[in-house]
Amino acid sequence: MQRWTSQALPLPPRSSWQRADLEFEGVEHDGASFVLHVFVNNDSADEATPRIAASGYAGYLTVFAHGDCWGDVGHCDITEPVSAFDRRPPHPLVPFNATLEVSEALDALPEGTQQVTVTTLAFNKNGDSAGVLRFSQLTLITYA
Amino acid sequence: MSVTVRPAANAAPARLNIRQNINALSPAQLADLRRAFKQAMGLNDKRGFEYFAGWHGVPLGWCQHHDALFLPWHRAYLYWLELALQAQVAGVTLPWWDWTTTGAIPSAYTVAQAEGEDNVLAGAAIKVFGAAPKAGWPAHTSRAPGHDIEQVPGPPYQKEWAYAMQASNYTDFSQRIWTVHDTVHVWLGGTIAQVDWAAYDPLFFAHHANIDRAWRIWQSAHPGANPPANVLGQSLQTDPAMTVRATLDVRQLGYEYAGAQSSVAGST
Chain V
169 MQRWTSQALP
179 LPPRSSWQRA
189 DLEFEGVEHD
199 GASFVLHVFV
209 NNDSADEATP
219 RIAASGYAGY
229 LTVFAHGDCW
239 GDVGHCDITE
249 PVSAFDRRPP
259 HPLVPFNATL
269 EVSEALDALP
279 EGTQQVTVTT
289 LAFNKNGDSA
299 GVLRFSQLTL
309 ITYA
Chain U
1164 MSVTVRPAAN
1174 AAPARLNIRQ
1184 NINALSPAQL
1194 ADLRRAFKQA
1204 MGLNDKRGFE
1214 YFAGWHGVPL
1224 GWCQHHDALF
1234 LPWHRAYLYW
1244 LELALQAQVA
1254 GVTLPWWDWT
1264 TTGAIPSAYT
1274 VAQAEGEDNV
1284 LAGAAIKVFG
1294 AAPKAGWPAH
1304 TSRAPGHDIE
1314 QVPGPPYQKE
1324 WAYAMQASNY
1334 TDFSQRIWTV
1344 HDTVHVWLGG
1354 TIAQVDWAAY
1364 DPLFFAHHAN
1374 IDRAWRIWQS
1384 AHPGANPPAN
1394 VLGQSLQTDP
1404 AMTVRATLDV
1414 RQLGYEYAGA
1424 QSSVAGST
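In order, the protein sequences belong to chains V and U.
Sequential numbering from 169 applies to the first sequence in the working numbering.
Sequential numbering from 1164 applies to the second sequence in the working numbering.
Honestly, I wouldn't trust all of these hints.
[As the list claims (entries may be wrong)] Below, computed lysine-lysine pairings styled on DSS-like, alpha-carbon distance capped at 27 angstroms:
(1) U:K1201 - U:K1290
(2) U:K1297 - V:K293
(3) U:K1322 - U:K1209
(4) V:K293 - U:K1209
(5) U:K1290 - V:K293
(6) U:K1209 - U:K1297
[Claimed, not checked] Distance ranges between label pairs, derived from CB positions:
(7) V:I220 - U:M1328: 16 to 26 angstroms
(8) U:Q1249 - V:H243: 31 to 41 angstroms
(9) V:I309 - U:M1328: 17 to 27 angstroms
Hints listed in this document are in silico derivations from the structure and should not be mistaken for laboratory results.
Even glycine gets a Cβ: it sits at the ideal position worked out from N, Cα and C.
Just chain U, with the same shape it has in the complex (with noise of 0.2 angstroms):
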């Protein structure tokens, strides 16, 4: 799928990236996911995966949730790794989990090896950036999917997902996302169901961006349907900052999630 637009007024058409349901991944853009994730799990500095990990909880602590920044300020967080992890192999994006077609955690995030080494998707040391270690502080990221809280109703949420799409209104939609967003994150169980260590696991971010494909999806259907104008130039805490207002079109962001477009070659 190809999708082009115009990054400014008058400047040259530039070809988006698309994300794609990790499911639908060929082997070879799984390959290069892993590879871009192992890389960047290399990297001691602030082009580094503990970096980005470090924004949403320990050290940084900089996200935001049940408000009306939780859907800017996580599509702002994904944009930023996702470039991180284009400049370790360019082109890969950030692929979704669809929790609301399927009960269980896709393959790609729980083999244990891949590629003739460990899979770097189904878990990650965690060291984070820029800080010695505590006491208490976990050394590996873990889920107990079901197990943590046994009441937590497990997936498919395709009855929550359906409710949030209803909604009229940006405050209402957000609310419904984020309550299908706090479950599969309890669900999930271990360091992902903690604020502080979620985004260490880079199951994090296909759970985000299936999250930040319900609100794109939701925006087609309502389009001017924006965040309360008082939040719109509330600058976002991410590095480099952004604004709510500059996380409104995903389009003006590089990317666009993959639906169903076909093309043949034009003439000569």
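Chain V with its partners taken away, still in its complex shape (with noise of 0.2 angstroms):
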């Protein structure tokens, strides 16, 4: 299991919004299947704190990824377009957003929070503990 927690993020007022999302930015997926479990203000939480909102627990994602590349060398690498006439498609690998509604989880917090760290609990089939979630950035998306 790989554990990561995020710095502290800001949350406006409550009363400021209607739904919230976290959106994990440029996740790779050019490894191994992966599940993701997510809590707000547990930095602690691990494999096993229950799955509750009194927990923190925001809800998970899966990602259903490549796993070994099996072309000749340069085939899992990422390329972009050619020229500005590169029709293709996007090339399978290139990274993507997750996005995971936390509406109910930071409505769960006592009133008046300020600020919301996140704690991901990431598990792929080989049990590693490094390199299974791997993305650029974190952004908490309130809409009003």
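Join the two chains, each given in its own frame, into one complex according to the hints.
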């Protein structure tokens, strides 16, 4: 299991939003498939932590990933269009954004909570403790 | 159930093929489905199952995931495979596995024997079309539901389905349904949890028929809510190619999903 905790993200006043999403930006999916369990304001969450609102549990995301590369050298290197006239579809391994709605989890936090940390527990088939969840940025988005 | 549609302006109406829940197939329909897969698996050319299985991962890797092309590409994929199966047994359609109502893989895809022989829907040898096997390639499909990663929540996925159906635009719907799609694959484990090998398992197509059905149902509730305009003209990598725009209307692709419909004879 790979465990990761974010820096604190500012949480706007509850009266200012109707819905809140966590956006994991630039998720890489060239390795083994994995599942991600997400907690808010529970930096000590681990595998034994109950997945309930009282524990800060926000939900899960699963990533059906590419797995080993069976092509020749360079097959799984992400390529960009070679020109403005390149109509080929994007490379299958282009990182993507994964969104998890966390409105209910944030609602369960104590009234007046002004910031949120996010802890992720990522599991793959191999039991790896690193390199399971790789992404570029985490954003908390609220919608009025 | 019988539905007709005009394939083109001024064309004669043509009868649509109706995809059904796997559990609703009659014994004869299920036998036809198995026969179509078996015969397609026996063809070592571009009519054969292995050729189509190879579109998704090894060796061709044409599939699209985690982007706006996910739903259109897989709709096109099922369309072409279904035609190939119909070339073997007329009238067969790809059934769906409704993982919102059951916590188990349908028995049609798990029983070892059917009609006195190996059940081709339970698994298949992986013989990569046009490529010599490499060390490490699996020789046969496999599944390990709930075991590869025990932390993956198992079916039924009613809540996830309902959440996807609440989406008000294509981008949100696509992302929500691909999330539960990913969960089903990873929960299943084995080769169907790996992009490279997933489509060699006939169960893949029942799973994806349910994803495609979800899109069809959502489309009905959100007419005109199409993929972003900048991808509508995108050519999807299939053989032959198909644009995203061409995938938008299942009735123009000649199929529909079973619902409730009854007919009586007309007057003469």
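Comparing the hints with the structure gives:
no.: 1; hint: U:K1201 - U:K1290; in the structure: holds (14 angstroms)
no.: 2; hint: U:K1297 - V:K293; in the structure: holds (22 angstroms)
no.: 3; hint: U:K1322 - U:K1209; in the structure: violated (40 angstroms)
no.: 4; hint: V:K293 - U:K1209; in the structure: violated (34 angstroms)
no.: 5; hint: U:K1290 - V:K293; in the structure: holds (24 angstroms)
no.: 6; hint: U:K1209 - U:K1297; in the structure: holds (21 angstroms)
no.: 7; hint: V:I220 - U:M1328: 16 to 26 angstroms; in the structure: holds (25 angstroms)
no.: 8; hint: U:Q1249 - V:H243: 31 to 41 angstroms; in the structure: holds (33 angstroms)
no.: 9; hint: V:I309 - U:M1328: 17 to 27 angstroms; in the structure: holds (22 angstroms)
Consistency note: the structure conflicts with the earlier hints numbered 3 and 4.
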